[in-house]
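Engineer: Each chain is listed here by its residues.
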Amino acid sequence: MTEAGHLVWRRGRWSLRLRRRGVAALLGLALALGALALASLCLGEPTLGPGAALRALLGPGDAAFAVGTLRAPRLLTGLCAGACLGLSGAMMQSLARNPLASPDLLGFTQGAGLGAVATIARTGAQGVGVAAAALGGGLAAAVLVGALAWKGGLRVWRLVLVGIGVGFALRAGTDVLMTRTDLFSASAATQWLTGSLNARLWSHAAQAGVGLAVLGPLGLALGRGLDRLEMGEDVATALGVRTGLVRLATVAVAVGLAAVAVAACGPVAFVALVAGPIGRRLSGGGGPALGPAALTGALLLCAADLAGRVLLAPMQLPAGLFTALIGAPYLLWLLATQIRKGAL
Amino acid sequence: MTRLAATDLSLDYGGRPIVRDLSLAVPDGRVTVIIGPNACGKSTLLRALARLLAPARGTVTLDGKAIARQPTREVARVLGLLPQTPLAPEGITVADLVARGRSPHQGAFRQWSRADESAVAAALEATGTADLAGLRVEELSGGQRQRAWIAMALAQETPLLLLDEPTTFLDLRHQIEVLALVRRLNRDLGRTVVMVLHDIGLACRYADHLVAMRDGCILAEGTPEAVVTPATIRAVFGLEARVIPDPETGTPLVIPRREP
Ligand SMILES: Nc1ncnc2c1ncn2[C@@H]1O[C@H](COP(=O)(O)OP(=O)(O)O)[C@@H](O)[C@H]1O
Ligand SMILES: [Mg+2]
Numbered sequence: 001m002t003e004a005g006h007l008v009w010r011r012g013r014w015s016l017r018l019r020r021r022g023v024a025a026l027l028g029l030a031l032a033l034g035a036l037a038l039a040s041l042c043l044g045e046p047t048l049g050p051g052a053a054l055r056a057l058l059g060p061g062d063a064a065f066a067v068g069t070l071r072a073p074r075l076l077t078g079l080c081a082g083a084c085l086g087l088s089g090a091m092m093q094s095l096a097r098n099p100l101a102s103p104d105l106l107g108f109t110q111g112a113g114l115g116a117v118a119t120i121a122r123t124g125a126q127g128v129g130v131a132a133a134a135l136g137g138g139l140a141a142a143v144l145v146g147a148l149a150w151k152g153g154l155r156v157w158r159l160v161l162v163g164i165g166v167g168f169a170l171r172a173g174t175d176v177l178m179t180r181t182d183l184f185s186a187s188a189a190t191q192w193l194t195g196s197l198n199a200r201l202w203s204h205a206a207q208a209g210v211g212l213a214v215l216g217p218l219g220l221a222l223g224r225g226l227d228r229l230e231m232g233e234d235v236a237t238a239l240g241v242r243t244g245l246v247r248l249a250t251v252a253v254a255v256g257l258a259a260v261a262v263a264a265c266g267p268v269a270f271v272a273l274v275a276g277p278i279g280r281r282l283s284g285g286g287g288p289a290l291g292p293a294a295l296t297g298a299l300l301l302c303a304a305d306l307a308g309r310v311l312l313a314p315m316q317l318p319a320g321l322f323t324a325l326i327g328a329p330y331l332l333w334l335l336a337t338q339i340r341k342g343a344l
Numbered sequence: 001m002t003r004l005a006a007t008d009l010s011l012d013y014g015g016r017p018i019v020r021d022l023s024l025a026v027p028d029g030r031v032t033v034i035i036g037p038n039a040c041g042k043s044t045l046l047r048a049l050a051r052l053l054a055p056a057r058g059t060v061t062l063d064g065k066a067i068a069r070q071p072t073r074e075v076a077r078v079l080g081l082l083p084q085t086p087l088a089p090e091g092i093t094v095a096d097l098v099a100r101g102r103s104p105h106q107g108a109f110r111q112w113s114r115a116d117e118s119a120v121a122a123a124l125e126a127t128g129t130a131d132l133a134g135l136r137v138e139e140l141s142g143g144q145r146q147r148a149w150i151a152m153a154l155a156q157e158t159p160l161l162l163l164d165e166p167t168t169f170l171d172l173r174h175q176i177e178v179l180a181l182v183r184r185l186n187r188d189l190g191r192t193v194v195m196v197l198h199d200i201g202l203a204c205r206y207a208d209h210l211v212a213m214r215d216g217c218i219l220a221e222g223t224p225e226a227v228v229t230p231a232t233i234r235a236v237f238g239l240e241a242r243v244i245p246d247p248e249t250g251t252p253l254v255i256p257r258r259e260p
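Chains A and B supply the protein sequences, listed in that same order. Residue numbering for the first sequence follows my numbering, starting at 1 and increasing by one per position. Residue numbering for the second sequence follows my numbering, starting at 1 and increasing by one per position.
Simulated from the structure, these hints should not be mistaken for laboratory data. Cβ atoms here follow ideal geometry from the backbone N, Cα and C, with glycine treated the same way. Do not take every clue at face value.
Unchecked claim - Listing some non-contacts, in silico: residues in chain B with all C-beta distances to chain A over 10 Å:
#1 SER23
#2 ARG30
#3 ALA39
#4 GLU74
#5 GLU90
#6 ILE92
#7 ASP96
#8 ALA133
#9 GLN175
#10 LEU181
#11 ASP208
#12 GLU225
#13 ASP246
#14 PRO247
Stated by the list, open to error - Simulated restraints, written as ranges between beta carbons of each label pair:
#15 B:HIS198 with A:PHE168: 31 to 39 Å
#16 B:ALA39 with A:LEU18: 39 to 47 Å
#17 B:GLY128 with A:LEU16: 24 to 32 Å
#18 A:LEU248 with B:GLY14: 16 to 24 Å
#19 A:ALA206 with B:PHE169: 51 to 59 Å
#20 B:PRO27 with A:TRP14: 35 to 43 Å
#21 A:ALA4 with B:ARG258: 52 to 60 Å
#22 A:GLY129 with B:ARG69: 42 to 50 Å
#23 A:VAL128 with B:ASP8: 51 to 59 Å
#24 B:HIS198 with A:GLY146: 33 to 41 Å
As the list claims (entries may be wrong) - Chain A side only, calculated, beta carbon under 7 Å to chain B, not exhaustive:
#25 VAL8
#26 TRP14
#27 SER15
#28 LEU16
#29 ARG17
#30 ALA169
#31 ARG171
#32 ASP175
#33 LEU177
#34 ARG180
#35 GLY232
#36 ALA238
#37 GLY240
#38 VAL246
#39 GLY286
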């Protein structure tokens, strides 16, 4: 059944209603992501045709190592981490009703980075331990930024300014830790400072995948509450939303998603900042568009990684460099428009 | 009978007392209108009645039980509120905004029942916003926007409806339209309405029960004829005025005295 602008499906007590524009955005992004994924498997040294790349992925052969061991886990890690970042950013931006409020500007990402590096430096740990430390660091940063910005209430511009300041301090702490331990090779250092998908293994992909599988549905489920909260605390409560719970859960899940991404590929900048507004624009506005934002994040991170891998091959540039190339001008533009609107 | 009542209610913002020891029983099936000077606490009272503000002292009860103890979603099926200055999410269409009013009746897998569909259609119809359904809220004029918000509150289909200055931003004709709509909701559908209005003449026309506030207290309440006298106008607004019968309806009409 259809109705202006929506697709409606009903059976007994159950009913679903999807905005056409949102569905179109999801489908378009999924197609683009599929094409990008295929390109990631094909391109590099050696460059393969699509058929050959898929055969190499499935079976033994000359290219099995390049595709199955190097490119596929890297791609999968990028997809999951990018989706985590996009979702995390869109959730925080919706909660704050401000496009500046992304986890990388609020210091969450840098906190997660410091937590991860501190654990690696102290114990040499890998895997789940790093992810847990990233989560701890992210949550600690969120609490710290919230506390420092608190002034009888929270204002977005205070949060962002404090978040940027705290983010720089945490980043400096990460630098110091890394120079004082010899656990970090040059490529590991790049990953922890810029964010990179270089040398990701199936274990990284699995970890990011599990993180996304657990936190992603929680985040998407909060979308309805966030939708209503965008109409203000009073209207949302009047409509029966438990606003305190939605706020708390949103921050917790958003920090968790950012931590999963940071544990997988380091503190990649700007993906979380940029993905939300793109997702919202593509799906026609009117809500946080969490699904499109997640797919946009995945698309951005994988595209940045592919660019870093093949543009100047054999030199490998970190994905974080390319996301910064897109993100930094966007941030400047955003700041300029926000200042002009008087929001800052 | 009264489903919604406040007993010995005191409300404050950050320790600053706004409403003091106020008791109010909202008469069921009637239109109650609150009047009073700016900043006397009308919106604050309405927010407390809608459980949006926790009382410093006293209680608000809905169906005899403290409203704060009832699940917010269940309250939302009984009591709707339209705040004075609601925020529309960027890019939302009128149809989507009005559909949000159905939230307390919906769930993750119950997103659009036939009841939702007909309630939204009826709300758009009643407020004359059906033609605007496809437009973005930010494209509307102030009056159209206000009617879209009222439609959202109507779509919620609550037996109790609280409206904070629903006629601000509206020209006189649209004010009358909105108030006539509120009266129809009350007379035809038996909805209980509490609203804050600025215009005392219109308040008298459309109120069954009038509440006059000043400095966080109720100075007078009752029928418009009982409440609106030169003495109460002086006490509530500090204004010297004559009160004459509205030639159209016979309800009180306040004519300020000319300055000496
Ligand atoms: N969110 C708030 N925080 C602090 N003070 C508030 C808040 N809302 C209203 N006030 C103050 O409470 C008083 C009563 O406001 P309000 O109830 O909005 O008055 P009105 O009768 O005009 O609706 C005013 O002095 C106002 O400044
Ligand atoms: Mg008010």
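Engineer: Each of the hints needs a verdict: does it hold here or not?
Structural biologist: Hints and how they fare:
1. Listed as outside the interface, SER23 (chain B) is consistent with that label: its C-beta sits roughly 23 Å from the nearest C-beta of chain A, beyond the 10 Å cut-off.
2. Non-interface call for ARG30 (chain B) relative to chain A: holds, since the shortest CB-CB distance, roughly 21 Å, exceeds 10 Å.
3. Every CB of chain A is more than 10 Å from the CB of ALA39 (chain B) (nearest about 18 Å), matching its label as outside the interface.
4. Residue-level check failed: GLU74 (chain B) sits 8 Å from the nearest beta carbon of chain A, not beyond 10 Å.
5. Some Cβ of chain A comes within 10 Å of the Cβ of GLU90 (chain B); the nearest lies about 6 Å off, and the non-interface call is violated.
6. A beta-carbon of chain A is positioned within 10 Å of the beta-carbon of ILE92 (chain B); the least distance is around 4 Å.
7. A cut-off of 10 Å between C-beta atoms contradicts the statement that ASP96 (chain B) is not in contact with chain A; the least separation is 5 Å.
8. Distance check on ALA133 (chain B): its Cβ comes as close as 7 Å (rounded) to a Cβ of chain A, failing to clear the 10 Å threshold; non-interface status is violated.
9. The Cβ of GLN175 (chain B) sits about 22 Å from the closest Cβ of chain A, beyond the 10 Å cut-off, so the non-interface label holds.
10. Remark: the non-interface label on LEU181 (chain B) is consistent with the geometry, its nearest Cβ contact in chain A lying 19 Å away (cut-off 10 Å).
11. Consistency note on ASP208 (chain B): stated as away from chain A, and its beta-carbon is indeed over 10 Å from all of that chain's, at 23 Å minimum.
12. The Cβ of GLU225 (chain B) lies farther than 10 Å from every Cβ of chain A, with a closest approach of about 33 Å, so its non-interface assignment holds.
13. Non-interface call for ASP246 (chain B) relative to chain A: holds, since the shortest CB-CB distance, roughly 33 Å, exceeds 10 Å.
14. Look at PRO247 (chain B): its CB is around 38 Å from the nearest CB on chain A, clear of 10 Å, so calling it non-interface holds up.
15. As the Cβ distance of HIS198 (chain B) to PHE168 (chain A) is approximately 50 Å, the hint placing it in 31 to 39 Å is violated.
16. One distance hint, 39 to 47 Å for the beta-carbon pair ALA39 (chain B) and LEU18 (chain A), holds here, with the actual separation near 45 Å.
17. Checked against the given bound of 24 to 32 Å, the beta carbons of GLY128 (chain B) and LEU16 (chain A), roughly 30 Å apart, stay inside it.
18. For LEU248 (chain A) and GLY14 (chain B), the Cβ-Cβ distance of about 22 Å falls inside the hinted range of 16 to 24 Å, so the restraint holds.
19. The given range of 51 to 59 Å is respected by ALA206 (chain A) and PHE169 (chain B), whose C-beta atoms sit roughly 56 Å from each other.
20. The beta-carbon spacing between PRO27 (chain B) and TRP14 (chain A), approximately 40 Å, falls within the hinted interval of 35 to 43 Å.
21. Range check, ALA4 (chain A) to ARG258 (chain B): about 55 Å between beta-carbon atoms, so the 52 to 60 Å window is met.
22. Between GLY129 (chain A) and ARG69 (chain B) the beta carbon distance is about 44 Å. The supplied range of 42 to 50 Å therefore holds.
23. With their beta carbons about 55 Å apart, VAL128 (chain A) and ASP8 (chain B) fall inside the hinted range of 51 to 59 Å.
24. The supplied range of 33 to 41 Å is met by HIS198 (chain B) and GLY146 (chain A), whose beta-carbon atoms lie about 39 Å from each other.
25. Taken as an interface hint, VAL8 (chain A) checks out: its beta carbon lies about 5 Å from the nearest beta carbon of chain B, inside 7 Å.
26. With a least beta-carbon distance of about 5 Å to chain B, the hint placing TRP14 (chain A) at the interface is held under the 7 Å criterion.
27. Taken as an interface hint, SER15 (chain A) checks out: its beta carbon lies about 5 Å from the nearest beta carbon of chain B, inside 7 Å.
28. Restraint check, LEU16 (chain A) versus chain B: the minimum CB separation of about 5 Å is within 7 Å; hint holds.
29. Evaluation of the ARG17 (chain A) hint against chain B yields a held restraint, the C-beta minimum of about 4 Å falling below 7 Å.
30. Contact between ALA169 (chain A) and chain B, as hinted, is not supported at the beta carbon level, the nearest pair being about 31 Å apart and thus beyond 7 Å.
31. For ARG171 (chain A), the interface hint is violated, since its Cβ never comes within 7 Å of a Cβ in chain B; the closest pair sits about 32 Å apart.
32. Below 7 Å, beta-carbon pairs count as interface contacts, and ASP175 (chain A) has none with chain B, the closest being about 38 Å; its hint is therefore violated.
33. For LEU177 (chain A), the shortest C-beta to C-beta distance to chain B is roughly 41 Å, which exceeds 7 Å, and the interface hint is violated.
34. A hinted interface residue such as ARG180 (chain A) counts as satisfied when its beta carbon comes closer than 7 Å to some beta carbon of chain B; here the least separation is about 46 Å, so the hint is violated.
35. Given hint, GLY232 (chain A) at the interface with chain B, holds; its Cβ is 4 Å from that chain's nearest Cβ, closer than 7 Å.
36. Using the Cβ-Cβ criterion of 7 Å, the hint placing ALA238 (chain A) at the interface with chain B is satisfied: the shortest such distance is roughly 4 Å.
37. Interface restraint check for GLY240 (chain A): the shortest CB-CB distance to chain B comes to about 3 Å, inside 7 Å, so the restraint holds.
38. Below 7 Å, beta-carbon pairs count as interface contacts, and VAL246 (chain A) has none with chain B, the closest being about 11 Å; its hint is therefore violated.
39. Among the interface hints, the one on GLY286 (chain A) holds; its C-beta lies about 4 Å from the nearest C-beta in chain B, closer than the 7 Å criterion.
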